[in-house]
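Enquirer: Chain residues, written in single-letter form:
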Amino acid sequence: MEMLYRIKFSKLEDVMYISHLQLIKTLRRIVRRSKLPAVFSGGFNPQIKLSVGPPLAVGIISRGEYFDLELAEKLETEVIINRLNNVSPSGVRFIQAVKIDKSTKSLSSILNTAVYTINFNFNENLNLKKQKKMLDEFMKEDKIIVVRKRRNKADREVDLKPRIFSAEIVEKDLWKFAVVTGSRGNVRPEELNKALMKKYSSVNKITPLDVIREGVFVNKNNKFYSPYSDSIVRS
Amino acid sequence: MQYKEKINKNLHRISNPERYIGNEWNSVRKEWSPDKLKIALAFPDVYELAMSHLGLKILYHLINSEEEFIAERVYAPWTDMEKLMRDIDIPLFTLESYHEIKDFDLIGFTLQYEMSYTNILNMLDLSGISIYSCERKEEAPLVIAGGANVFNPEPIADFIDLFFVGEAEDLIIPFLKKYQQLKDSFLNKKEILVELNKLSGIYVPSLYDVKYEDRKVLSYSSSKTDKEKVKKQLVKNLDQAFYPVNFIVPYKDTVHDRIVLEISRGCTRSCRFCEAGMTYRPVRERSIERLVDLAERAVDSTGFEEISLTSLSTVDYIEIKKLVKEMNRRFSDRKISISLSSLRVDKFSVELAEEVQKVRKTGLTFAPEAGTQRLRDVINKNVDEQELYSAARAAFESGWSKIKLYFMIGLPIETMEDIEGIVRMARKVLEIGRQIRRNTKKKMRQIEISVSVSTFIPKPFTPFQWVKMDEVEEIIEKQNYLRDNLRGRGLNFSWNDPELSRLEGVIARGDRRLAPVIADAWKKGSRFEGWNELFNPRLWGEAFRENDINPKDYLCMREDEEVFPWEILDIGVSRDFLFKEYQKSFSGERTADCRFESCTGCAVCDSFSAGLELMSGDGNAL
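Residue numbers (the numbering used here), protein chains in the order written: chain A, 1 to 235; chain B, 1001 to 1622.
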């Protein structure tokens, strides 16, 4: 009987520079080294059965990514986490595993929200109050239009407004956004930056190093759940 | 971690940042302390190629296995990274500790390809080290070089303090210990080099004066050493030699993204164009027991999903069938596939390929090298046309639909008939494939034949070291013919830039007078010539003209008796043997393989009091 485990991990340090495809390959090799009883796909090119959530832009670290892993036997979730961490480069840390039903919806079909914190660097000293006012005004706009460059296609205007679920200020200069991600669109942190720069001359351009993906979530009636929380895996 | 922060802050602006982060699984990070001898292992090309190179893997793990040494990796930055480094003053750094190269005691380059020599200069310059040995400061790291291309060190002799000639496993550790000892005894660099030159396999070019007369070498002399020739080094017992298992697992796809198991070294097929076939003699094999043990440990340590059995001619491994069976038996349950680095053109190879492809199926490659029997006899390539067809038939029947064929043009005594032969063979293979596809009940993809045609370059220490290289116009004419006649569905033709091949030919048989040309080409901006998009023949043309050097002097036919620049080295194979092989080529007289027939008299075994080391069925050397 095959078991399905939903595993949370972080992508830190230099590992932020590896692409989604390379991350999948890295995870597969970690699973091989861990000697966990992985299950393989069939066909000419058998692969460890493992599926990863929505991709993360290269250059950004994340504290909460997920993948589903099939195993041929039942194991204690702590054992799984320990065995993975023992054979993993320091930039990939496994945080928690939850055994889920095999019929649970896939990560890519349910994860629709990414939460980013962005460390802004303003070209004037703005106190917390002023920053709060700026964010409020920004979020009150009817439309937040940015131009999106597309590979081999004409540029397109995108309205970010309906794609930002919430925004708040964590502390001075540190802003947090929950935005859409996954199959129904994607808002990139640099697009938030671009829109803010258009509105406020005090906002400077950020680099990927100013951004942290705090995690990816399931948005249910504007409440954010982890993909293995009870209300998600039971429904 | 010297430059780590500065580099990291900017890496998001660079293409392929994974090339520069290091920190991969199994990379060795040792604590830096002043008492340790530090060596930077350098590959003068990008990460993906560097990380596929077996020699550096061996050296990296071998040197790091010694407590008192630290070996770290450094590769050539791509052009955008170079620009960034120069703009914000980041010197060349290693992937383990991010120390700059100046902090190391030695930097060792591996020489794999003539067209990466400008990258060596660029890497030295990015390290803040003078490119010419004679201008280097006393405290600069010792610049050493070795590897497959060391067998003509002369074109870069002015840039390198010391060459390591031959296979390094047995000698690198004693060499480093000796160097440490000499350094501790407060000798200056010149004195140290004189001492090191006394070791076997070590060549310090600055100790030798070369006189030239016109095109040719007149003499080599030295007042500082009585060593007349530098003898290459070889590992006498390959089975017991060091071999790594804890290979680094890269984050980025590399050319050979898998476990590489070297099953044997050397090849005695005596193809007359092949340098490695002469310089890595005699043939030595590893035992099946040893290979299986290495494979098991490497699989545990890395998590790779493929094991490649490599050597110059994998299928010639005496017990290859038994080895492949054993590997499959052990690893197929774990979905680890076995691959062979090269196939012979015969049915046996196809059967073997079928055996190894039980887990994964990739393409098949055959190398007939020339288009007619006459020319294959000239180059001593033991391939029969009918054998190719029956091998291809067997491959198609077992379900392969893609076959790649390797040929060369510009071989000695070549005529247009030989070029037509390439077309005929490729079309015939295509036809065989189509016929089988039409008549089979199995599902089969469209048949695709890729014909890869490289231009022959006469190489040092081969029977063809005397021959003239084709003119650009001749190469173009032959390539045009092939392009016109290898059109159509199911056929793919690929070729090399003729100017690039000619340049490679100049440096391959070059001498010390090329140093300023290489230096000037680099100063003009030449980098990564092996990458077509970056090769600029105009820069090289200028560099030749300004230094008053005619490249044709290096590409012409050589006189029977003339002394070659590379003959400061002794590879153990006698010049007489090479010359006899050269003469036999005129009449297409064949030479057999000493593994299967009698000794051919190449003299390498006597020269090293070594011999063939072949593994019989019970795993003992024959």
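Accuracy of the hints is not assured; some may be wrong.
Covered stretches of chain A (in silico footprint by chain B; criterion: 3 or more residues with CB under 8 Å from a CB of chain B, positions within the stretch not fixed) [claimed, not checked]:
hint	region
1	1-15
2	27-34
3	81-93
4	200-214
Treat the hints as calculated values from the structure; they're not laboratory data. All C-beta atoms in this analysis are idealised placements derived from N, C-alpha and C, irrespective of residue type, glycine included.
Enquirer: A separate judgement is required for each hint: does it hold in the structure or not?
Expert: Quick rundown of the hints versus the structure:
no.	hint	verdict
1	1-15	holds (count 3)
2	27-34	holds (count 6)
3	81-93	holds (count 5)
4	200-214	holds (count 3)
Of the numbered hints stated above, none is contradicted by the structure.
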